[in-house]
Amino acid sequence: MANANTIIGSSITIDGEITGEEDLVIQGTVKGKVSLKESLFVESSGTVEADIQVAAVEISGQVTGNVVASDKVELKSDGRMVGDIKAPRVLIADGAMFKGHIDMER
Amino acid sequence: MAAEGSGFIGKSITVRGTLRGESDLVVEGTVEGTIELRDQLLVQTGGRVSADVQVANLTVYGELTGSVAANAAVSINAGARVIGDISAPRVIIEDGARFKGRIEMEVPLPEGLGAPSGGGRGR
Amino acid sequence: MATVVGDRIFINGNLQGDEDLTVHGRIKGTVNISKSLIVEPSGIVEAEVQVANAVVSGVVVGNITATDSVEILKGGRMVGDITAPRVILTDGALFRGGIDMGDVKADDSGLADARARAAASRRPGAPARVERPAPRPAAARPATRPSSPARPTPPRPAPPPAPRAAADVPSAPTGMGASAAGGGGPPAAPKPPSPPGGRRKKILLKRR
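Protein chains in written order, with the numbering used here: chain Z, 1 to 106; chain E, 1001 to 1123; chain F, 2001 to 2208.
It is possible that part of the hints are untrue.
With a cut-off of at most 25 Å between alpha-carbon atoms, the simulated SDA-like pairs for lysine to any residue come out as follows [stated by the list, open to error]:
#1 Lys-37(Z) with Ala-2002(F)
#2 Lys-33(Z) with Asn-2012(F)
#3 Lys-2074(F) with Leu-1113(E)
#4 Lys-33(Z) with Gly-83(Z)
#5 Lys-33(Z) with Gly-2013(F)
#6 Lys-37(Z) with His-2024(F)
#7 Lys-2074(F) with Glu-1111(E)
Please keep in mind that the hints were generated in silico from the structure rather than gathered at the bench.
All chains should be built: construct the whole structure from the sequences, respecting the hints.
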């Protein structure tokens, strides 16, 4: 469980853009765009329909959209993602579901 | 409670017209018209003021309807009923007060905030 | 369960939900939650806000409609209109805009409790006043003035139309008794200087 200042709780739906310079935990629904200089954690109740641009992202929930990470993308065993990943490091755990392209070129 | 030299309008009195003074005024009765004081107007519970008010300090426990311009502070206390526009550097509204109208205070905002002039709904 | 927006986060869009929302960072757009919005001192909310409660220590630019209460604390700043049955402006808060608490002349339940709350927190220096008898429990009492006995409880989810200057009082659902302005222009409201005023003191205290 991430220890971040910003937590979007499970009953919250955000339709728009989130930008910031700190870690972000999503337990609710975000549609639009997420752009962080730090890490994004999509927890198992989280649903993100957005293009994501972050340093790192850890997905235990659902992501639909393209992800660009400067450090790494990690899809946990309960994570599901449809979209393209561009990151130098990509980890997809056993049990995760993924559909899209992966580009690990630095 | 009335300080020496201050004015006092008892609860069975009605004044219609313009009240001006250098001293404080306590209203337990009814005043209609205009009130201009250098210092404090106190509208007690049961007092009813239907007037444009220009004072330093205004404290309301009763009813007030009208425009208020205060140099110092306006305090609308629990049980008060105020309808009107208030312009003052300090405004206090207590829980249990009832108010309808506008409040104009100077509100400095951080840069880059597009504050609509005069409050949200465009006045 | 609560949502926290940290001080380095900016959300630009529409936010809705069913939990408390604490804002240290910045939100622009609309906020629609069924619980409380708390704007911390570093928080900036530029939005149309619809909530149950709002407590503002930071900056709000936009209108707040609350079904329960809006409180601007010392250091809080707001430009916009507030529509809520309870509004509290603390000394040191800065506010510019309209405030509409609904029917100002209506007698409201809980007034005695509110007075007790206010008296408990009243700052020194407030002028002395005649203290009311201790708040009685809000037991059922016969209505002592000719208004509707079945008045609904104060929180009004549907805000009345946008307030205009000074003299706008929506008429009470039923006849409100001798001196209520009942929809007319308050500056011209008749004010009998006689017993109805005296009776009114007791009425102000007690209604449920």
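**Message:** Hinted pair, alpha-carbon criterion (25 Å max): Lys-33(Z), Gly-83(Z). Please report holds or violated.
**Reply:** holds (14 Å)
**Message:** Hinted pair, alpha-carbon criterion (25 Å max): Lys-37(Z), Ala-2002(F). Please report holds or violated.
**Reply:** Since the Cα atoms of Lys-37(Z) and Ala-2002(F) sit roughly 24 Å apart, the hinted pair holds (cutoff 25 Å).
**Message:** Checking one constraint from the list: CA of Lys-37(Z) to CA of His-2024(F), max 25 Å. Satisfied?
**Reply:** Distance ~18 Å between Lys-37(Z) and His-2024(F) Cα, so the pair holds.
**Item:** Satisfaction of hint between Gly-2013(F) and Lys-33(Z), Cα-Cα up to 25 Å
**Value:** holds (10 Å)
**Pair hint Lys-33(Z) and Asn-2012(F), alpha-carbon separation not exceeding 25 Å** = Answer holds: Lys-33(Z) to Asn-2012(F) is near 10 Å, not above 25 Å.
**Prompt:** Within a Cα-Cα threshold of 25 Å, do Lys-2074(F) and Leu-1113(E) meet the stated pairing?
**Reply:** With Cα atoms ~20 Å apart, Lys-2074(F) and Leu-1113(E) stay inside 25 Å; holds.
**Message:** Tell me if the straight-line CA distance from Lys-2074(F) to Glu-1111(E) falls inside 25 Å.
**Reply:** holds (20 Å)
When the structure is compared with the earlier hints, no violation turns up for any of them.
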